[in-house]
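Trainee: Spelled out, the chains give:
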Amino acid sequence: GAGVSQSPSNKVTEKGKDVELRCDPISGHTALYWYRQSLGQGLEFLIYFQGNSAPDKSGLPSDRFSAERTGESVSTLTIQRTQQEDSAVYLCASTQRLAATGELFFGEGSRLTVL
Amino acid sequence: GQQLNQSPQSMFIQEGEDVSMNCTSSSIFNTWLWYKQDPGEGPVLLIALYKAGELTSNGRLTAQFGITRKDSFLNISASIPSDVGIYFCAGPYSGGGADGLTFGKGTHLIIQP
Chain A
1 GAGVSQSPSN KVTEKGKDVE LRCDPISGHT ALYWYRQSLG QGLEFLIYFQ
51 GNSAPDKSGL PSDRFSAERT GESVSTLTIQ RTQQEDSAVY LCASTQRLAA
101 TGELFFGEGS RLTVL
Chain B
1001 GQQLNQSPQS MFIQEGEDVS MNCTSSSIFN TWLWYKQDPG EGPVLLIALY
1051 KAGELTSNGR LTAQFGITRK DSFLNISASI PSDVGIYFCA GPYSGGGADG
1101 LTFGKGTHLI IQP
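Heads up: the sequence lines are chains A and B, in that order.
Each residue of the first sequence is one higher than the one before, starting from 1 at the first, in our numbering.
Each residue of the second sequence is one higher than the one before, starting from 1001 at the first, in our numbering.
Incorrect hints may appear among the rest.
[Stated by the list, open to error] Below 20 Å or equal to it, Euclidean Cα-Cα: the simulated SDA-like pairs (lysine to any residue) are: (1) B:Lys-1105 x A:Glu-108; (2) B:Lys-1051 x A:Glu-103; (3) B:Lys-1105 x A:Gly-42; (4) B:Lys-1105 x B:Thr-1024; (5) A:Lys-11 x A:Ala-88; (6) A:Lys-17 x A:Glu-108; (7) A:Lys-15 x A:Gly-71; (8) A:Lys-17 x A:Gln-80; (9) B:Lys-1105 x A:Ala-88; (10) B:Lys-1051 x B:Val-1019; (11) A:Lys-11 x B:Pro-1092; (12) A:Lys-57 x B:Gln-1003; (13) B:Lys-1105 x A:Thr-70; (14) A:Lys-11 x A:Phe-65; (15) B:Lys-1105 x B:Thr-1031; (16) B:Lys-1105 x A:Lys-17; (17) B:Lys-1070 x B:Pro-1092; (18) A:Lys-11 x A:Thr-113; (19) B:Lys-1105 x A:Leu-60; (20) B:Lys-1105 x A:Gln-80; (21) B:Lys-1051 x A:Thr-101; (22) A:Lys-11 x B:Gln-1003; (23) B:Lys-1105 x A:Pro-61; (24) B:Lys-1105 x A:Leu-39.
Hint data in this document are derived by calculation from the structure and do not stem from the laboratory.
Remember, it's a predicted structure, so these values are computed and weren't measured experimentally.
Required output: the full structure, derived from the provided sequences and hints.
Mentor: In structure tokens:
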């Protein structure tokens, strides 16, 4: 498709379960980001992939969070043993030339609710 | 890390009113960006500022890059219902060699009928 695609759009899970969130970036975009948006907290950086370089994982809040990206395509964010405080909207973004334009292209997000 | 402080946190205005919001930083930025998030959508870039003192317009939106490089302002003139949403300021993220953006917590714009 033309834009960043995320799935699922909504996910309700029980505390302690694992969840996987998927992101399909815009074709040709080498950089991919995951952000978390909690109520009243703005956009919290989680992890960044750039081409074949080692990802920047400095924003991951705990070792229950991990992410993978296959080449310059799909990325999966995995949250293990979910907790209620993990409830948030998880946004994926991609770009080709952030340094030049400052523009990130966001998906619609995956809303996670942990009961 | 870098912190961006946005104010106000929320605004309740009437249609047709002008809107002003601002963003300050604890450190200098070389780029200031303003994004808008519509309900249920991801943020979209509105305006990008690359030079201190720069004033840039995009339709009814005007943004300025502060002279100190530690602040930026966004104004919306003659607000309309579709202006409702969350407005985020953003600047280049620094840390660990990463190339990304730090976002403020957002200003929620609500237009009362």
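Trainee: Is Lys-1105 (chain B) close enough to Pro-61 (chain A), meaning Cα to Cα at most 20 Å?
Mentor: holds (18 Å)
Trainee: If you draw a straight line from the CA of Lys-1105 (chain B) to the CA of Gln-80 (chain A), is it 20 Å or shorter?
Mentor: Violated, at about 27 Å.
Trainee: Holds or violated: Lys-1105 (chain B) and Leu-60 (chain A), Cα atoms, limit 20 Å.
Mentor: holds (18 Å)
Trainee: Are Lys-1105 (chain B) and Glu-108 (chain A) close enough, with their CA atoms no more than 20 Å apart?
Mentor: holds (18 Å)
Trainee: Is the hinted pair Lys-11 (chain A) and Gln-1003 (chain B) satisfied, with a Cα-Cα distance of at most 20 Å?
Mentor: Violated. Lys-11 (chain A) to Gln-1003 (chain B) sits at ~30 Å, over the 20 Å cutoff.
Trainee: Hey, Lys-1105 (chain B) versus Lys-17 (chain A), does the alpha-carbon distance stay inside 20 Å?
Mentor: violated (29 Å)
Trainee: Quickly compare the C-alpha distance for Lys-11 (chain A) and Pro-1092 (chain B) to 20 Å and report which way the hint goes.
Mentor: Judged against 20 Å, a Cα distance of about 31 Å means the pair is violated.
Trainee: Do the alpha carbons of Lys-11 (chain A) and Phe-65 (chain A) lie within 20 Å of each other, as the hint requires?
Mentor: holds (16 Å)
Trainee: Quick one, are Lys-1051 (chain B) and Val-1019 (chain B) close enough, alpha carbons at most 20 Å?
Mentor: violated (23 Å)
Trainee: Within a Cα-Cα threshold of 20 Å, do Lys-1070 (chain B) and Pro-1092 (chain B) meet the stated pairing?
Mentor: The hint holds at about 12 Å.
Trainee: Taking 20 Å as the top limit, are the C-alpha atoms of Lys-1105 (chain B) and Thr-1031 (chain B) close enough?
Mentor: This hinted pair holds, its Cα atoms lying about 18 Å apart.
Trainee: Regarding the pair Lys-1105 (chain B) and Gly-42 (chain A), is the alpha-carbon distance no greater than 20 Å?
Mentor: holds (4 Å)
In this structure, the earlier hints numbered 6, 7, 10, 11, 13, 16, 20 and 22 are contradicted, and the remaining ones agree with it.
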